[in-house]
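**Student:** So the protein sequences, as listed, match chains A and B. Residues 2 to 115, numbered by our numbering, are exactly what the first sequence covers, in order. Residues 3 to 115, numbered by our numbering, are exactly what the second sequence covers, in order.
Think of the hints as simulated: they come from the structure by calculation, not from any bench. Keep in mind that the hints are not guaranteed to be accurate.
Stated by the list, open to error - Output of the computed footprint for chain A on chain B, the stretches with three or more beta carbons under 8 Å from beta carbons of chain A:
id, segment
1, 20-32
2, 42-49
What the hints assert, rightly or not - If you want the footprint, here are the derived chain A segments under chain B, 3+ residues with CB under 8 Å:
id, segment
3, 37-43
4, 106-114
On a predicted model such as this, the values are computed, not experimentally measured, just so you know. Beta carbons are placed, not taken as given, at the ideal position from N, Cα and C, and that holds for glycine.
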Amino acid sequence: EAGVVQSPRYKIIEKKQPVAFWCNPISGHNTLYWYLQNLGQGPELLIRYENEEAVDDSQLPKDRFSAERLKGVDSTLKIQPAELGDSAVYLCASSSSGLNNEQFFGPGTRLTVL
Amino acid sequence: GDSVTQMEGPVTLSEEAFLTINCTYTATGYPSLFWYVQYPGEGLQLLLKATKADDKGSNKGFEATYRKETTSFHLEKGSVQVSDSAVYFCALSDLNSNYQLIWGAGTKLIIKP
Numbered sequence: 002e003a004g005v006v007q008s009p010r011y012k013i014i015e016k017k018q019p020v021a022f023w024c025n026p027i028s029g030h031n032t033l034y035w036y037l038q039n040l041g042q043g044p045e046l047l048i049r050y051e052n053e054e055a056v057d058d059s060q061l062p063k064d065r066f067s068a069e070r071l072k073g074v075d076s077t078l079k080i081q082p083a084e085l086g087d088s089a090v091y092l093c094a095s096s097s098s099g100l101n102n103e104q105f106f107g108p109g110t111r112l113t114v115l
Numbered sequence: 003g004d005s006v007t008q009m010e011g012p013v014t015l016s017e018e019a020f021l022t023i024n025c026t027y028t029a030t031g032y033p034s035l036f037w038y039v040q041y042p043g044e045g046l047q048l049l050l051k052a053t054k055a056d057d058k059g060s061n062k063g064f065e066a067t068y069r070k071e072t073t074s075f076h077l078e079k080g081s082v083q084v085s086d087s088a089v090y091f092c093a094l095s096d097l098n099s100n101y102q103l104i105w106g107a108g109t110k111l112i113i114k115p
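Required output: the full structure, derived from the provided sequences and hints.
**Tutor:** Below, the structure written as structure tokens:
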């Protein structure tokens with residue numbers, strides 16, 4: 002069974018440019034998470050979806066970040082415009098519905114903003 | 003609010019050495035506790051977990067015991083291998099966090115042959 006798929010794996014852009022990350026969760030997983038991970042730190046939750054509904058986006062900087070999961074499967078996270086401080090690894094995870102279920106993580110997208 | 007504190011790395015050991023990575027937590031409720039591992043170039047993987055006091059989680063030779071009296075969940079392995087080199091994250095979830103994972107900063111483990 003395929004795990005969580007993310008693309009691209011690496012992205013280098015100049016500041017003020019837009020960027021998008023894509024995630025395909027494990028088949029059948031209704032819950033999808035986007036995290037940001039800075040070097041030497043644990044992941045920080047950006048947004049959590051239950052199917053196509055964003056049920057927790059309180060940590061998402063909505064002035065420049067947006068996310069969508071239109072059909073309740075794949076998801077896209079976008080930054081526009083990117084800033085130098087956005088350089089980090091963006092992780093996607095998925096789990097079965099319900100609280101406290103194991104989260105399965107993708108390999109992440111490493112973003113470098115120059 | 004809830005928080006997790008783990009020992010700073012990197013931790014460097016020789017192969018077959020005994021490993022301890024300390025993790026302590028602060029929580030108002032009765033959290034579930036987790037250890038995740040991140041191998042180079044790969045995603046985070048659940049290593050083991052414990053859901054109530056005195057439970058012991060174990061996997062791949064690693065163990066951790068949920069100690070409520072000391073609010074700790076230290077990770078141990080009796081004999082490490084080079085392939086154990088990775089970053090290890092301690093995390094918790096409970097009702098107070100709406101069952102979202104609260105993460106430690108991670109501890110990088112380097113095993114030398």
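**Student:** Run every hint past the structure and note whether it holds.
**Tutor:** To see whether the hints hold, each was checked on the structure:
Under the rule that three or more residues need a Cβ within less than 8 Å of chain A, the assignment of the segment 20-32 of chain B is violated, with 0 such residues. By the rule of at least three residues with a Cβ nearer than 8 Å to a Cβ of chain A, the coverage given for the segment 42-49 of chain B holds, with 6 such residues. Only when three residues or more bring their CB closer than 8 Å to a CB of chain B does the claim for the segment 37-43 of chain A stand; here the count is 3, and the claim holds. Note: the segment 106-114 of chain A has 4 residues with beta-carbon separation from chain B under 8 Å; the three-residue rule is met and the coverage holds.
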